[in-house]
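Assemble the whole structure, with the sequences as input and the hints as a guide.
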Amino acid sequence: MAIAGFFVFITTMGLLQSRNVLHSVMFLAVEGLALTAMVWISGPLTLTTLSIGIATLFVKVGVIPGTMYRVISQWPTEYRREHPLPFWAYIVAVALVLAVGHVIHLLTPSGLILHDSLFFYGMASIYLGLLLIISRRHMVSQVSALVAVENGLVVLAASVAGALPTFMEFGMLIDLLVATAILVWMSRRIRWQFNSADVTDLKLLRG
Amino acid sequence: MEVILYGLGPLVVLLLALLGNRYAAPRLRQMVAVWVSVVLVGTAAWSFPGVMQGHWTAILVVLTNLVAATSAWDSVWWGQEHPNMQPRRYYLWWALFWASLITIALTHDLAIAWLAIEFSTLASGALIVEMGNRRALEAAWKYIVIASVGLAMGIIGILFVYGSLRSEGLGWQTLDYANIKLHYQTIAPIVREVATILIVCGIGTKVGLVPFHTWLPDAHSEAPSPVSGLLSGILLGLCLVTIDRFVGAAPLPTATLFSGPHLLLIFGTLSVLVGTLALLVQRDIKRLLAYSSIEQMGIMAIGFGIGTPWAQGAALLQLVFHAVIKSTLFYIGGHLSVVYDTKRMDKITDILHLHRTLALVWTVGILALAGLPPLGLAYSEWMILQALWESHLIAVLFVLSASLVLAFAALLYHLLRGLWGGLEVVVSQSTATFEATRRLDKISDGGGVHP
Chain X
28 MAIAGFFVFI TTMGLLQSRN VLHSVMFLAV EGLALTAMVW ISGPLTLTTL
78 SIGIATLFVK VGVIPGTMYR VISQWPTEYR REHPLPFWAY IVAVALVLAV
128 GHVIHLLTPS GLILHDSLFF YGMASIYLGL LLIISRRHMV SQVSALVAVE
178 NGLVVLAASV AGALPTFMEF GMLIDLLVAT AILVWMSRRI RWQFNSADVT
228 DLKLLRG
Chain R
-7 MEVILYGLGP LVVLLLALLG NRYAAPRLRQ MVAVWVSVVL VGTAAWSFPG
43 VMQGHWTAIL VVLTNLVAAT SAWDSVWWGQ EHPNMQPRRY YLWWALFWAS
93 LITIALTHDL AIAWLAIEFS TLASGALIVE MGNRRALEAA WKYIVIASVG
143 LAMGIIGILF VYGSLRSEGL GWQTLDYANI KLHYQTIAPI VREVATILIV
193 CGIGTKVGLV PFHTWLPDAH SEAPSPVSGL LSGILLGLCL VTIDRFVGAA
243 PLPTATLFSG PHLLLIFGTL SVLVGTLALL VQRDIKRLLA YSSIEQMGIM
293 AIGFGIGTPW AQGAALLQLV FHAVIKSTLF YIGGHLSVVY DTKRMDKITD
343 ILHLHRTLAL VWTVGILALA GLPPLGLAYS EWMILQALWE SHLIAVLFVL
393 SASLVLAFAA LLYHLLRGLW GGLEVVVSQS TATFEATRRL DKISDGGGVH
443 P
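Line by line, the protein sequences give chains X and R. Per this note's numbering, the very first residue in the first sequence carries number 28; after that it's consecutive. Per this note's numbering, the very first residue in the second sequence carries number -7; after that it's consecutive.
Check before you lean on any hint, since a few could be wrong.
[Stated by the list, open to error] Reference excerpt, derived from the structure (chain R facing chain X, CB under 8 Å, subset only):
no. : residue
1   : Tyr15
2   : Ala103
3   : Phe111
4   : Gly117
5   : Ala118
6   : Arg127
7   : Leu129
8   : Ile148
9   : Ala180
[Stated by the list, open to error] Chain X regions said to be covered by chain R (calculated; three or more residues, Cβ under 8 Å):
no. : region
10  : 130 to 137
11  : 180 to 187
12  : 208 to 218
Hints listed in this document are in silico derivations from the structure and should not be mistaken for laboratory results. Each residue gets a CB set at the ideal place from its N, CA and C atoms; glycine is no exception.
Shown next as structure tokens:
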């Protein structure tokens, strides 16, 4: 399980480095595979874990990366490029990952954490995903970051609760599926209407 | 039985939307409106005993279906004004949005509430995209991304609560509010505090509490008006009730700095302050209403934050009055912006002479929102002020009182400007009589008035 969590963490770091949004999609597919493996090796294989694993594989390895790839691959190359990450983002990323250690130190006496390293990978992936949302400028990078945050949440859930109730697992998967579908659909329309895939070009509204 | 009764409403609308190609758009809209009204009558009859006994869930469900019914009827009118809108897609997302609202109102489980809130974001975001213009796309993007980040924070808090209560072995019932209340002392105080901060801030993003409010004015002003009514009137209030239900189920010692009530008081006061100041400088009719929603949510958050039964009752009363008034105002604001072909308030003038019916409803609505007695909000706001006085929260009382006065002045200014703003008084040279001349030419230049 810890190895699967480690893969999720490493691929989220990859998202942080990637400057081609097509590569980001591949990183997401790897995360999906790691999560599927985590579901299946987390305990005895029952009908429930089998179905959750299949659903994870279908949504996180198949549908989400597939839909994103299909849309992006139709775009001209210049719309697939991501701007370099600002320098401050690297410093914040290091600080956030180090901060997870402090969170673990604070929460360990409470008995909440079942699996220290898994908690570290999950929380660090969430932090890095949130950082990606505020530091990345490409729309698809923001969608990838949201999926990465959700993947981090699954790892975090495994570290504090072992497993979530089945309805919650499926509910989160469906939510993520619908969210990604809507955001990818919107990315297409925004690129077409704004002639840009850069979120900083969305400045018609004052906030 | 409840699930069938409440689930049937959105399900039929969903089927109508899917089979909608058999009907002309106006007929589809009317069928949906009639059906939602039937569901409202059924819900009101079913929940009547609960409403009479003051059960929150019963009140919230009836209120949700009431505003859904008015939204459905307004969609009939709004649809005629926007003939390019795809009615089938509109009602598909509308039905899913309505279903998520009913779920939030009905559920007693924190996890289900979270899922429904997340789903409401997606359904309402898709409805905003349906407007099809660049501003709507931008608003929907910001809305979904910011709300999803907020809700991700919220689910971390929920996971912590679930992880702490896992030993109870109750499965999906672990996060039932009654169960949390029964076992909250087994959750370590540090975990409870962290979870409370994450849940209040996370779901607070969906409430539009300051400083997590940046998406709200954009999304509410760019959404279709019948959807703005549901978003502002119902969704914000239901999310706030979800926070209150959790805070009530897992209380922290009063000395805790960031306890639920403290956070609600802090964010509530900030929201009242920012919402009121923003009212003074608004130029867009729907953004005015959106900022007013931030102010109103702040007042409710203060009510829930005080925590006494009197204040909680006042906050619920505020929620009910606000839902009815704000949804109506969004509908009217939407029609005015179509009639004047602009959302700019400096162009929407002389309403009283040009559109008497709209002017009448708009006037009553704005006066009610401003808190003019004997209209509803005056009572609930007074009750919250009284509760603040009794709880010795003098600083909050001062901020709220000053904000209410400012909000009253701002809303009255915008109202009077809209009703008579286009009048120009000319003194005749021969006689001393006044001749009022409407500046129709200026208004027409601004965007084609249809008198």
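Exercise. Does the interface hint hold: is Gly117/R within less than 8 Å of chain X, judged Cβ to Cβ?
Worked result: Hint holds; Gly117/R Cβ to chain X Cβ min 6 Å, cut 8 Å.
Problem set entry | Ala180/R as an interface hint toward chain X, with CB separation required under 8 Å | Result: holds, 3 Å to nearest chain X Cβ.
Exercise. Can Ala103/R be said to touch chain X, with a Cβ gap under 8 Å?
Worked result: 5 Å, holds
For this session: With a cut-off of 8 Å on the beta carbons, see whether Ala118/R makes it to chain X.
Result: 5 Å, holds
Problem set entry | Outcome, coverage of the region 130 to 137 of chain X by chain R - at least 3 residues whose beta-carbon is closer than 8 Å to one in that chain | Since 4 is at least three, the answer is holds.
Exercise. Would the hint on Leu129/R stand, with a C-beta cut-off of 8 Å toward chain X?
Worked result: With a minimum Cβ separation of about 5 Å from chain X (threshold 8 Å), the hint on Leu129/R holds.
Problem set entry | chain X contact restraint for Ile148/R - C-beta distance below 8 Å | 7 Å, holds
Exercise. Do three or more residues from the region 208 to 218 of chain X put their C-beta atoms closer than 8 Å to C-beta atoms of chain R?
Worked result: holds (count 6)
Exercise. With a Cβ-Cβ cutoff of 8 Å, does the region 180 to 187 of chain X contain at least three residues near chain R?
Worked result: Contact hint for the region 180 to 187 of chain X vs chain R: holds, 4 residues under 8 Å.
Exercise. Close enough to count: is the Cβ of Phe111/R nearer than 8 Å to one in chain X?
Worked result: 6 Å, holds
For this session: With chain X as the partner, please determine if Tyr15/R meets the hint condition of a C-beta pair closer than 8 Å.
Result: 26 Å, violated
Exercise. For the hint on Arg127/R, does the least C-beta distance to chain X fall short of 8 Å?
Worked result: 5 Å, holds
This entry does not satisfy hint 1, going by the numbered hints stated previously; all others are met.
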